[in-house]
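Undergrad: Read left to right, the sequence shown gives residues 3 to 309 (my numbering).
Be aware that a few hints might be false.
Now the in silico label distances, taken between C-beta atoms and shown as ranges [said to hold, decoys possible]:
(1) Leu207 to Leu43: 15 to 25 Å
(2) Tyr218 to Pro190: 38 to 48 Å
(3) Phe206 to Phe147: 39 to 49 Å
(4) Met234 to Val37: 22 to 32 Å
(5) Ser87 to Leu150: 49 to 59 Å
(6) Tyr23 to Ala95: 47 to 57 Å
(7) Ser87 to Val249: 41 to 51 Å
(8) Tyr132 to Met51: 20 to 30 Å
(9) Thr10 to Met51: 18 to 28 Å
In case anyone wonders, no lab produced these hints; they're calculated from the structure. From the three backbone atoms N, C-alpha and C, an ideal C-beta is built for every residue, glycine too.
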Amino acid sequence: MDNVSKLTIFTLSGLHEIANYRVTLFVLTLLCYCVIWLINLAIIVTIIMDKSLHEPMYIFLCNLCINGLYGTAGFYPKFLIDLLSTFHVISYAGCLLQGFVLHSSACADFSILVLMAYDRYVAICRPLVYHSVMTTQRVCVFIFFAWLIPLYLVFTSSITTARLRLCGSHIPKIYCINFWVGKLACTPSIANVIIPAFNYTFYFLHVMFIAWSYVYLIRKCLISSENRSKFMQTCLPHLICLIIVVVSLLFDLLYMRFGSQTLSQNVKNFMAMEFLLVPPIINPLIYGFKLTQIRNRIIQFLSGKRI
């Protein structure tokens, strides 16, 4: 028992069935990762460089794109290496680090989306006090806690996972997360159940808050054509992004806990990486095309004009 608890390496079995087309998959994955960097970086640089975009909504969007790059950095480099390798392993420390990055990125997504929902609520429902409520100092505080709270909660969960005595080293996935490391524990840990349950509940309340704010916003917009225009311009992209993130995560979370083991490994892999593929690409594209100011600035940059 002392030996099995001192694991230094994990085996990832999710890529065992892709040997015949791993080069093709490598090229496609590398292309996707480059696209993710390109479109997210375009939004980030545009917002940073253009002072007219230094408003709460665009600042929150900038952080959403930064978080997209942060989360995908925890997956794609290792995944690309695995695609070209015949041995799919990860060190114990690397596994915990990858789990921390992926979990904290997903949580930070919800934190930032909550801030964006609150910003739109104040802008549409309380426009007269918007600038006094969403001050620069307050926005900075909001962003600070939007990053700090997910990092702290996931760090706490990772610490409890790291303290487990493990009796196995096989992870049936293409990346590491705390859930599968916890499944390898020799004996169940109460802390390893309570802390994730608290985290799930905490971020479920985030989703409920956003849903409540949008019910209120829709009711408010129905009585004003000006508010309807604001909603379609700024709230609809946010709502689409929220749906994409929630659906992508639910696919993987629900399958991990209740899914059938009869599905092919390729389908499992797609479900596992969907939240690392769809939101980082679709979210900046939606905002880039829908928000007129960002779209115009990017077009000006591409045409060689000064921003």
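Undergrad: Report the numbers of all earlier hints that the structure fails to satisfy, in ascending order.
TA: Numbers 1, 3, 5, 6, 7 and 9, in rising order.
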